[in-house]
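> This is what each chain is made of:
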Amino acid sequence: MSSLDLKRLALAALLLAAVLPDRAAAAVKVVTTTEGLAALAREVGGDRVQVESLSRGVQDPHFVDANPMLAVKLRNADLLVDVGLDLEIGWLPPLVNQSRNGEIQPSGARRLTAASAVQVLDVPTGPVSRAQGDLHPGGNPHFLTDPRRALKVAEAIAGKLSALDGAGAGTYAQRLRDFEKRLQAAQARWEQELAPVKGRKLFTRHRTMTYFLDWTGIVSAGELEPRPGVPPPPGHLAELVLVAQREGVKAISVENYYDTKSAEVVSRHSSAKIVLVPGDVGGEPGLDSYEKYVGLVVSRIAGALR
Amino acid sequence: MSSPWVATLVAGLVVLPSAARAADPQPSQPEAAQGAPRTQGPEPQGAEAREKLEEEIAKGLGQGGPGPAAAAAQGAASAGQPAAASQGGPGGNPMARLLLLPDISAIGSFAGAYDSYGVGSRSPREGPFGPKDTLTFRFEELELGLQSIVDPYARADVFVSFTPGAVDVEEAYLTTLSLPAGLQVKAGKLFSPFGRQNSQHPHVWDFVDAPLARGRLLAAETLSGPGVDLAWLAPLPWFTELQLAAQSTAPGPDDAERLTGVARLLQYFPVAEGTTLGVGLSAARRSEAPGAYRDLGGVDVYLRSRPLQGRSYVTLQGELFTRRFRNVAGESGTGGYAQLFVRKDAFFGYGVRYDRAPAAGDAAPGSEDRFGAIGIWYPSEFQRIRLQLSYDRAPDGRDGLEALLALEFGIGAHGAHPF
Numbered sequence: 000m001s002s003l004d005l006k007r008l009a010l011a012a013l014l015l016a017a018v019l020p021d022r023a024a025a026a027v028k029v030v031t032t033t034e035g036l037a038a039l040a041r042e043v044g045g046d047r048v049q050v051e052s053l054s055r056g057v058q059d060p061h062f063v064d065a066n067p068m069l070a071v072k073l074r075n076a077d078l079l080v081d082v083g084l085d086l087e088i089g090w091l092p093p094l095v096n097q098s099r100n101g102e103i104q105p106s107g108a109r110r111l112t113a114a115s116a117v118q119v120l121d122v123p124t125g126p127v128s129r130a131q132g133d134l135h136p137g138g139n140p141h142f143l144t145d146p147r148r149a150l151k152v153a154e155a156i157a158g159k160l161s162a163l164d165g166a167g168a169g170t171y172a173q174r175l176r177d178f179e180k181r182l183q184a185a186q187a188r189w190e191q192e193l194a195p196v197k198g199r200k201l202f203t204r205h206r207t208m209t210y211f212l213d214w215t216g217i218v219s220a221g222e223l224e225p226r227p228g229v230p231p232p233p234g235h236l237a238e239l240v241l242v243a244q245r246e247g248v249k250a251i252s253v254e255n256y257y258d259t260k261s262a263e264v265v266s267r268h269s270s271a272k273i274v275l276v277p278g279d280v281g282g283e284p285g286l287d288s289y290e291k292y293v294g295l296v297v298s299r300i301a302g303a304l305r
Numbered sequence: 000m001s002s003p004w005v006a007t008l009v010a011g012l013v014v015l016p017s018a019a020r021a022a023d024p025q026p027s028q029p030e031a032a033q034g035a036p037r038t039q040g041p042e043p044q045g046a047e048a049r050e051k052l053e054e055e056i057a058k059g060l061g062q063g064g065p066g067p068a069a070a071a072a073q074g075a076a077s078a079g080q081p082a083a084a085s086q087g088g089p090g091g092n093p094m095a096r097l098l099l100l101p102d103i104s105a106i107g108s109f110a111g112a113y114d115s116y117g118v119g120s121r122s123p124r125e126g127p128f129g130p131k132d133t134l135t136f137r138f139e140e141l142e143l144g145l146q147s148i149v150d151p152y153a154r155a156d157v158f159v160s161f162t163p164g165a166v167d168v169e170e171a172y173l174t175t176l177s178l179p180a181g182l183q184v185k186a187g188k189l190f191s192p193f194g195r196q197n198s199q200h201p202h203v204w205d206f207v208d209a210p211l212a213r214g215r216l217l218a219a220e221t222l223s224g225p226g227v228d229l230a231w232l233a234p235l236p237w238f239t240e241l242q243l244a245a246q247s248t249a250p251g252p253d254d255a256e257r258l259t260g261v262a263r264l265l266q267y268f269p270v271a272e273g274t275t276l277g278v279g280l281s282a283a284r285r286s287e288a289p290g291a292y293r294d295l296g297g298v299d300v301y302l303r304s305r306p307l308q309g310r311s312y313v314t315l316q317g318e319l320f321t322r323r324f325r326n327v328a329g330e331s332g333t334g335g336y337a338q339l340f341v342r343k344d345a346f347f348g349y350g351v352r353y354d355r356a357p358a359a360g361d362a363a364p365g366s367e368d369r370f371g372a373i374g375i376w377y378p379s380e381f382q383r384i385r386l387q388l389s390y391d392r393a394p395d396g397r398d399g400l401e402a403l404l405a406l407e408f409g410i411g412a413h414g415a416h417p418f
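From first to last, the protein sequence lines are chains A and B.
Counting from 0, one number per residue, gives the positions in the first sequence under numbering that gives the first Met the number 0.
Counting from 0, one number per residue, gives the positions in the second sequence under numbering that gives the first Met the number 0.
It should be emphasised that the hints constitute simulated quantities derived from the structure, not laboratory data.
Wrong hints could be hidden among the right ones.
Unchecked claim - Lysine-lysine pairs mimicking DSSO-like chemistry, simulated, CA-CA at most 30 angstroms apart: (1) A:72 <-> A:291; (2) A:260 <-> B:343; (3) B:51 <-> A:151; (4) A:272 <-> B:343; (5) B:343 <-> A:151.
Said to hold, decoys possible - Reference excerpt, derived from the structure (chain B facing chain A, CB under 7 angstroms, subset only): (6) 183; (7) 231; (8) 301; (9) 308; (10) 310; (11) 313; (12) 413; (13) 415; (14) 417.
Cβ atoms here follow ideal geometry from the backbone N, Cα and C, with glycine treated the same way.
Based on the provided sequences and hints, a complete structural model is requested.
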């Protein structure tokens, strides 16, 4: 055997080693854009699925790099689950186009846009322009802070998985029921924990908590950003300080991927405390399930508003 | 056993699962006709079942109001659809045709230029410059982008460039979306897949102007032209793409369009959490006359490091180009650039660049060097203001300073850019 043959053989072996183990496993390959969606896919998919998230829970999902290495993950995806409502507009489309996976294109057979399963809030009704900041023209995409909506998304994932992997339909349905039972029990506990602070007011950094507030009955007293994605000028922060003093705002919730400078300013001049919250599952060490993530957000917010 | 064999295997593996998959719950338009009857389930019996079927068909033809259950059903719908589904009233949505418009965007670039040595005669190039020692304001370019999915099989991207006194279709190409075996074809008029910066539009660059070497060695503006580009994504755990293109290119303003073959191998490796290294190799051969060629070679390196939290990042980027002529007169040469760019946060960035290229214009033969620095302010995602200062030295020792102040804005829906 010549050295060229050996080299070729080695190369072929390397290629095979790279390709086969992945393909040999029968699990449905689910790729999600965020760790929250990944956690839900794991809940309903169990051992039948292999789930990977393109972004990490500590990242701001609006600003993920369109790294071509992520396109490699999409290439073999049996299902792509994205949030939608333009949350991933800055990075997902080029990756999907690079992936060569035609069925994960928007509306493709192997694409599930989670927003299609939930009732969307903050949908602009009047004219939309960038003068309003970097807003989401389709509505607010941060709906996984609400367990009721998360359940809807889990249902949609189970439906899609059953369509793609008919043999597992029973498993998916069973796991969905189990998840529903656990989540509803947890939800009852969380609601109890939040009951004393219902109706209290808080500021948020970005409109990331709209759905959480919709669920909990806690009230938004405003956002640190005067418009989505626009940094707060001093005048706006001063206004918030006055609002905080007038209306007894007790907390400013800030996802841990944001800088806290403006929150600190408002906090210093009022009685509102900064509450750092994880932005998603995986947003802090140990937050490896959807229940742990929401549980932590609930306890932090409840603690600060008490 | 060789890689074509592996490619075939992979092709088989890619194709098989899709053939085995269940029917799409919301079939796309072309599939709807044949897909619908198959999803009806057990054979309808009796008048009741018939009525139900009729109702379903009427609904399928858009004659029934969209029921709430249908809207809530598991959907592969895109983000915009649910709202439309829940608002459906008599007569449907009169604005529906707007949904089919391609994404339309415009990017405008303007610059104020000043130099102390006469760029036009001593260092001629594309990009903003004016007469020596005179502040000149320049309208650089307005790029109109039209981008859309064409059908379930391809998308199209069109970029029309308006420059002072000219309109040009910069790029207009179709990209396939679902060829098997990791293949993707682009066809139309496109930038050549040669090096990193040549395939990017100027508004993606950190620096205001192109490195000198690109203009002197590859093409006055961009190496581009009508043709076909075949890209193969290798079935490896890291990103490895091989591109082969055949295009008619005209590198200089006076050149005729001639057949050019381009090959590029691009790889991205994960180096550490948040750090990626990209390495590319490019080669091109342009037919100058029967039996005579212009050969181009290039190496590009891109290192990007970005902490997961926050908006800051650091990039290190460099390219080397070389040009040779075979059996035809022409100046061979080598040149390149290296740049470091730091995005401090969402609003500011700065960088430095070193440039080296064969001298041009009335400069003595040899290499011209340029040292540049840039500061960028991003008032928002859709605007940037850049100040670029450079020191340029010709081979004969003559030197000078250049300053560029550039404004750029983007409106409309412009597709996100690749890495």
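> Return the numbers of the hints above that this structure violates; sort them in rising order.
The structure breaks hints 5, 7, 8, 11, 12; every other hint is satisfied.
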